[in-house]
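Line by line, the protein sequences give chains S and B. Each residue of the first sequence is one higher than the one before, counting from 18 in this note's numbering. Each residue of the second sequence is one higher than the one before, counting from 13 in this note's numbering.
These aren't lab readings, by the way, just hints derived from the structure by calculation. Bear in mind that the values here come from a model prediction, so they are computed numbers and not experimental data. Be aware that one or more of the hints could be misleading.
Straight-line alpha carbon distances no greater than 30 Å define the calculated DSSO-like cross-link-like pairs of lysine-lysine that follow [stated by the list, open to error]:
hint, chain 1, residue 1, chain 2, residue 2
1, S, Lys-254, S, Lys-23
2, B, Lys-234, S, Lys-255
3, B, Lys-113, S, Lys-254
4, S, Lys-254, S, Lys-104
5, B, Lys-234, S, Lys-104
6, B, Lys-48, S, Lys-102
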Amino acid sequence: MSVPEKQLDRRWLFALTILVVGLPLLLRLESTQREVSQMVTNVYEAIDNLPEGSLVLLPFDYDPSAEGELQPMADVFVRHCAERKHKLIFLTIWPQGVGMIQRATNLLQQEYPEYRYGIDFVNLGYRPGYEVVINTVINDLPSLYDADQVGTPVRQIPLMRGVENIRNIPLIINVSSGDPGLKQWIQYAATPYESINIVAGTTGVQASTLYPYIPHQMIGMLPSLKSAAEYEQRLLKKYPHIGERESVTNTAQLRMMSQDAAHVMLIAFIVISNLIFLLRRRGERAV
Amino acid sequence: MNSTAKTTLLILMTAAGLAFLTWRATSYNAGRVYVKETPVPILEGPNAGQIADYTTTRIPETIVEAENGRLSWSRTLGVWIAAALTLCILSFLFGDNVFYKLAEAIFVGVSAAYAMVVAFWTAMMGLLVSRLTPELARDSFNPSLSGDRDWWMLVPLVMGIMLLWRLAPVGGWIARWPLAFFIAVFAGFRLVAHFHADFVVQIRSAIVPLIVYAADGSFNWKQSLTNTTMVFGTLSCLTYFFFSVEHTGMVGRISRVGIYCLMIAFGTGFALTAMSRYSLLIGRLEFLLREWLRL
């Protein structure tokens, strides 16, 4: 059997992709319960095992272009920290990261109204300088962050009193979509100072270059939407009241159903393409 | 499909889309954003407890009355603009067109302008002007600024002026000095960090026992297999890139294994990238279906 040479208009594939990805979202299909991987467990436990009310630094080094993948991770990290009543310090080394921090603080104000600005969380905003910012806050945070995002001097913010550098902060939770980001936090903070512990959420694109840092230079990371869904699943299992809130719609698990559908479609495309290729080659040999 | 049929199809699709949008916008409040004002009290000082400012927080439509919220026209407009631009970008899948070009130009322009404004207010005004002339900064744009004048900030100011000197008709060589300084500082700064994090510690991380026993003394086959694969995979990849010896016999076979390891690594990277790109599409579709159309 030979397959005739005929090009399929690729727009049909685009249409099929949008249909396959969009339908689960439209029908609100939630992905099935999945086994939580060891890596996700390590990240989860790093946050959960901290004593209640610990100081946590959250550098959000991403922008809206990575929102689809990283926002579910940022949301679960913030919710988890708030459930554990950790004190949160937000900052970013990306100019567009300011808006991403705003989303997190909005979530806190909406879902955890007991969280007070300046006492339970603070937004230090953006500072230019890429990795130099990291190197500075390791040694002397107020020299660079002398005021928060809206200009309040850090000396007047109760949460920031006594925070001279980040070396004594028990955990850094970095959400990163590229350079500068997680790699620089590992290079300039976690590697030279063993007291600094890092967990992270990253895009799949850069994940494969970051695996070698685990476990000696980083506790663990959520390398994709799948990991975010696993994390969310575990978080909701321990804190089921989170899922009962109006604003919480299990974003990562809902998005993962579309991701699963896309994977099945991709595998089908690969199998069909290879079959066509083999049939064509057999046809050519027969001639 | 000929051009007339294509145009007709496009017009029909646009008309159907507009009709659907009008129906959703009028019947289901599509794209509407509701907010509430949250007071920000003064934490310390003689005015402690008084309201200093209000922050606007987004709330779901169902709790607008209970939370004394209101419709935010500016944010609603923002959602509609974001949805229109998303559709403009997605229209490229059908073919290059003026809507895609428009959205692309807006995206590039807004991104560059935003980065410039943020850099101006944080670096130029926030770090340089605020520290060199704190009185001026207090009087003009940051009334709560504290701290004294920092004369060290003259150094970056002078170096910045020297950098811009290349735009002057004469004395362009002056720009080379700060440039050389920045390159040298960053090279030294990065060299140490890369050498430590990506070389020394990575070697240490690769030195692991091939046979691992669990705490109770039993053989941990899973960790043993992981460590063995990691060590032999690393060594075989290094062998592949070792060109001082001809890749024949045992060396050739090991380097062949190295190629397979590299291919698996590249395949993993490609799969993660594909997954990542789908996540972005899912994010956009979720925005269109939920936040905008409320489906």
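Here is how each hint holds up against the structure:
no.: 1; hint: S/Lys-254 x S/Lys-23; in the structure: 51 Å, violated
no.: 2; hint: B/Lys-234 x S/Lys-255; in the structure: 28 Å, holds
no.: 3; hint: B/Lys-113 x S/Lys-254; in the structure: 46 Å, violated
no.: 4; hint: S/Lys-254 x S/Lys-104; in the structure: 23 Å, holds
no.: 5; hint: B/Lys-234 x S/Lys-104; in the structure: 38 Å, violated
no.: 6; hint: B/Lys-48 x S/Lys-102; in the structure: 24 Å, holds
Hint violations for this structure: numbers 1, 3 and 5, all remaining hints satisfied.
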